[in-house]
Structures are given as C-alpha cells and as structure tokens.
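Peer 1: Heads up: the protein sequence lines correspond to chains G and X, in order. Residue numbers 30 to 337, in this note's numbering, belong to the letters of the first sequence in order. Residue numbers 24 to 252, in this note's numbering, belong to the letters of the second sequence in order.
Simulated from the structure, these hints should not be mistaken for lab results. If you're wondering where the values come from, they're calculated on a predicted model, not measured in any experiment. Treat each hint with caution, since some may be false.
Pairwise CB distance ranges, derived in the manner of DEER restraints [what the hints assert, rightly or not]:
{"#": "1", "chain 1": "X", "residue 1": "Thr76", "chain 2": "G", "residue 2": "Met310", "range": "30 to 36 Å"}
{"#": "2", "chain 1": "X", "residue 1": "Pro129", "chain 2": "G", "residue 2": "Pro73", "range": "49 to 55 Å"}
{"#": "3", "chain 1": "G", "residue 1": "Ala307", "chain 2": "X", "residue 2": "Arg34", "range": "40 to 46 Å"}
{"#": "4", "chain 1": "X", "residue 1": "Ala74", "chain 2": "G", "residue 2": "Val311", "range": "39 to 45 Å"}
{"#": "5", "chain 1": "X", "residue 1": "Gly131", "chain 2": "G", "residue 2": "Leu326", "range": "32 to 38 Å"}
A few chain X positions that, by computed beta-carbon distances, are all more than 12 Å from chain G [what the hints assert, rightly or not]:
{"#": "6", "residue": "Arg35"}
{"#": "7", "residue": "Leu45"}
{"#": "8", "residue": "Val46"}
{"#": "9", "residue": "Asp84"}
{"#": "10", "residue": "Leu119"}
{"#": "11", "residue": "Glu201"}
Positions of the beta carbon are idealized from the N, C-alpha and C atoms, including for glycine.
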Amino acid sequence: MTEHHAPSIRPHPTPTDDRHLPTPWVTAYAEGSLDPDLLGHAEPHLRHCRRCARAVNEAVRLGPYGARLDGLHAALLDRIGGPPPGPTPSPRTARRPPWLAVTQGLRLPWLVAVICVCALGVGLAELGDSPTPRILLLLLAPTLPMLCVAGSYGGRADPFAEVTRTTPAGGLRILLMRTAQVLVVCVPLLTGAAALMPGAGAHPYTSAGWLLPCLAVTLATLLLSSCLGSWTASLVTGGGWLLLVYVLAKPMVKHYEGDLSHRVTAALTDLQLRFVGALGMVAFATASAVLAELLVLRRHAFTRLGAR
Amino acid sequence: MIRADRVSVRRRRALVLDGVDLVLGPGVHALLGPNGAGKSTLLRVLATAAAGTEGTVTLLDRDPRIPAQRQEIRRRLGYLPQEFGVFRGYTVREFLSYAAWLRDMPGGRIPAAAERAADAVGLGDRLGHKLRTLSGGMKQRVGIAQAIVNSPSLLFLDEPTVGLDPGQRAGFHSLVRELGRSACVLVSTHLMEDVRGACTDVTVLSDGRVTFQGTLDALDAAGGYTAVV
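Okay, chain X solo, but in the shape it has when bound:
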C-alpha cells in the first residue's frame, strides 16, 4: 500500500530525510523517533502534503506525481497533522461534513459518514456543538474524526494521542486496530503505550534515516527503542 524508495528531503541545506526506504501493507504501523528525526516530514511526504527532494513514493500502487493518480490517492487518504486548526464557528457535524466533502465523498453519504466518524471518537453526543466550545482533547478527537471520515485506505496520524486522557487513548487504540484490519495506518508517536496498545510493527527514524523496522518483539530483542536510536 505504501512504498518509499530512497526518499530524501532537503530543507535549505539540512537533510531532513536521508534515503528512507519503507514498505508498509495493511495494519497499524508505529513511527518512532526523537524530536527532529524527520517523522512529521515523512508523514507529510506520504500524505502528499509535501514532495520529496529525491526518491519515489508509491501509494496504493499509484504515483502521486501524476495528477490523476494523485487525486485518486487523495480520495482514499486520511491525514491528521501534528498541528491543525479548525473553523471555530462550525459545529462538529458541519466540520466533519466539510472534511468529507473535501475528500470528494458523494453528498448523500456525507451526513451518515460524519455521524459515524464522530461516534468512533466518542463525540456522537457533541455533533451540534460549536468547535470553539470543545476542550483541547475533544478538538484532538475531532482531528482524528476528520481523518477517518472517508473510511480511508491510507491513514496518517501525527501524534494523535496528544491531549487524550488514558481512557480516551485506550479507545483510540481499539479504533486504529479496527481500522488497521483493512487500511494501512501509520501513527507517529512518542508513547510506547500507543505502540504496545495498537501497533503491529515499528519503524524507528533517527536523524532522517530508518534505524529499525520490525515487530515490537524484534525491537525488544534488539535492546529496545533507546538501543536503536
């Protein structure tokens, strides 16, 4: 579903990603790494928000550099950036409907999709609430809901559990495990709890390079996260 070959990203003179190779299929994959390792940049490249300086990316067997194929990928993609804003005057329902519309969902399916996404993140009872009235954790859940509103085949979540309490994190883990049964979910996180709770395998980035890729057991066998960074 995701294939990255020798992807590099250069920003000004700094090499943010350095020849990243990645092959990911269905499942929930964790992206770990210290601050500044290039996790968000890799997610942006895979989510078609940014272009790599070198290398090729193939998503859903399509080439994002070709306009028609790029649009097909984007219809089946969900993305939660690390920092995102919302239209504060909109209700949860209106915002999720807008996110579904942006992803070319047929108008007739939008209301049900918005409700399903809100239910999935535990905001089914807040559909009519304005976004400005929601707490930080609830806004984060709205962010997750907008990313899954189109039932994406590719889902990129950048630090999705920031601001969620332990109960909500557990709910999030079971949600992404469910999504990962058919979709390819890539979750960037700092919390090993997220990895253990939801992910089937781990990719560790350090200084823009992939330093480990494998199952959680293999990571433990290799001496744990700190040993491979």
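One chain only, chain G, in its complex shape:
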C-alpha cells in the first residue's frame, strides 16, 4: 500500500507548529548561506530552542561539512591516543564457524531419502538374495549426490540466495563447499550399502566402483550449473548418465541367455565390471580431469551478474 504524506516545510525532525524555524532556514544556516536579514531572527531563536538547534546540528552532519568534521574528529582522536573503545565483543563467541552455515540448507528429507534408498536396496537384496538391487543402486548412485545438492540449495531452496549472489563467496566457492558436504554424507552411506548387499560373486571392488563415475557426473553437473542453474543441470546429467548406461548395456543383453531379467542383470553386472576395469577407470579419470579443468576455466561464470 502506498502512503504519501502531504509535503511539509517545517523544521526537522517532526515539527508540529509554527514556533520553529522552517527547514530551508535550518539547511541554509547549517551551510552558512542564510540571508543576513533572516540571521537576526534565526540566531536568537536557536539560542533558546533546543529542537531547532538539534535540527541545525543534524543538517551540519548531513551537509557538505559533515565529512570534514568527521575527518577532524578522527584526526583529533588520533592525536590524543587513538579512537574511543568500541563495543567489546562478548566472551561468548559463535559456537560454529561461520562458513559452516553454507551447509545449513541441507534438507533433512534429502538425507532421509538417501538413507531410504540404501536401506531399501539392502533390504530387498537380503530378502531375494539377488544381485539386481545392488547393481541398480550402484548405477543410480552417481546421480544421487548432485540431486541432493540441487534439491537442498538449488532454485528457491536457499532462502538467502538473493543476498548470497551479491557476495564475494556466493559463486563456485559456496557450491563446492555444499557439494563436498553432501558427498561426505552420501559416499559412506552408498558405499556401505553396496558393500552390505550380497554380490553373488561380484568383484569385491565394485561396491566402490561408482565413485569415479560419481566424480565425473558431479563435475559435469557443476560445469553445467554455471549456465543452466543447479536443478536443470543435475536433471540433465542424471538423465545423461542413465542414457549412457542404457546405451552401453543394450548391446550386452543379447550376449546372454535366459529370461529378460536375468539377461539385463548379467549385462549390468558386466557393465559394472567394465567400469571398475582399467579401461573404465582411465576413461572416467580422464573425463573428470577434463571437466575439472573446464570448471576452473568457467569459475567466473558462477559470480557473473545475474548468475543463478
């Protein structure tokens, strides 16, 4: 609702009657430019009226002489032994370091969702003694951390984002800290869950085999989020990762015999083994290195004017 008060030329701050000096007189007096004829009326009044005297003081502080007075004040204080003691910080300092607040937005529901995915996978695998849930978890795992980051901080999830984007820490630095925090939570949970699942003779390293793909997907998402925003970027890379798995696994399905679910499981297990094999590791490591380099090159895009 717009509220407009009628214009008033009464003395500052909030005059109510005609017994005080008009504002133009006060301003002119503070600047030393009041007409000599009016000066004769103004000065006797100022000697007796505290309100108008305060208004003149205020006008001097706000006027062209204010800065010079500040300078004189500071110089005087320097000469007589430094500035007056400011408010002393209380002995109770912040319990948490301020940078830790960048992770404040991590939403509990996302943490619960990752725990549920892990628990469900372990539960299903234990019930059916089948390698399928483990394989599915390992193939989905690389996309989960970035979805957590986007869901917790992307879009409108960070209530303070409008201010954060106008600060020097608001770019890649804060995004990397948040990603690191989500990875610290997700990596042990997902790796532990995969290790707990029955592998049916799977390679012992496969429970950690998703880590390099996860690094590559995470870096790709960070890189994309410099131009798309974190939600869109994580959906694009998540979808891209699943598409890659589909494209790579599809020709392998034909090489196996039995019903479709067995063939799919066998093909995905084969794909997993290739991921943790020398060639797969080199491919993901090279992709990660390239993506990391590109991310460094694009770092200023995160702080650009109007960045999301």
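Since chain G is already given, all that's left is putting chain X on it; use the hints.
Peer 2: For chain X alone, coordinates are given in the frame of chain G:
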C-alpha cells in the same frame, strides 16, 4: 560512488528500466516510485544481483562486469532485498557471522562485527535467539543488520522499514543517517516519512524512467511526489 549510464532492463518483452541515468555520492538517497516502477530492479542491478540489458554501471569507480573488480565491489557492498529468507535454525549471532563471512570479512573481526550490527538495530540482547523465534519486525531488523555487518561503502535497502513500528523506524532513520556520512546508501521506500527522516535527496522512478532527482525541497517545489510521478 554510483554511476549508471543509460541502464535499461528488459524482461521478456517488457522494458522494466528505460535508460536510467544516476550519479550518487555519499549520503542517504531515497528511491521513490509507484509499484512496478522498477525500483527493485534498479536496486538489484546496482547490488550486482542482476545485469542490465543495456547501459553501464560503475560502482566505487569499478566495473562490475570485470570479475576481479566485481569481487572488490561485493566485499564493500550491503544489500537487503525486498523479500529475503533466513536459516530459521540459526541464532542471530550465527546468521550475522555467516553474512560477514560471505562478504570475505577476516575471521578475527567477525564476532565483533556481528555484535556491532545487532546492537545497531537494537537486537544486541537477542544475539543468542534462534531466528525462528523472532517476530516479523525483528527479522526485518536482522535483514538490515546483515546488510550493514561489513560496514559497507555501498548500501542498498529495498523497503527496509516494512514491519517496523514508529519507534523502530525512527531508530532506523538515525542509523542510516549515520551510515550515510561515509557510505552511499540507497533506500527504496513507499513512505515519505522515511524520506523526510533520513534522506538527503530523492530519485523518483516512474515506468522505468527517472522522472525527478533532487533534494526534498526541490521535490516540494516541483509540486510534491504525486506531481512528478
């Protein structure tokens, strides 16, 4: 301190700001205008939260389009948007410390700066309170405190007195007058009371254009706010 040359902002097809020219030095400057005049958009552009479609902005003699200079500007900038959220589980002290950290303040100076900012808005006794327990007016004061925690040279406040009672508004006026002695403070407001209480001059925006710029006396002489809109 602030110089805007022919700044225009186009959103979809609508022209939100249309060739705004602005030169502001130290002091408290009011930004007036009806709803939808482009006040918040102008503040967002000046606070480096958004880019102009056309024109150039110079802040503290630096160009915000150049990354290194942009970071220097942002270290010395305070911004209170019209709508802002807080981390509800944090205390006032923790939130203000976070705001100071975001603006690259050295760690050793953060605790004292957070207390000084809280004292300035009258929340010195609430430093340990969780933000979720504060009233709307107190949250607004926390918003003002986070904007001034780094003693900024440029301060942009979008409707800062919304939710404040008359006493708190008077306190706010004296606070920004004090800040305006060395910093450039730009306050977007709907209340002439804010303008008369705190501001040295007025810029009036209407339909994305500057329709008046000058002192309050000059605005009165021009027939008042309604005449220039």
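Peer 1: Which of the stated hints cannot be reconciled with the structure, identified by number in ascending sequence?
Peer 2: 1, 3, 10 and 11
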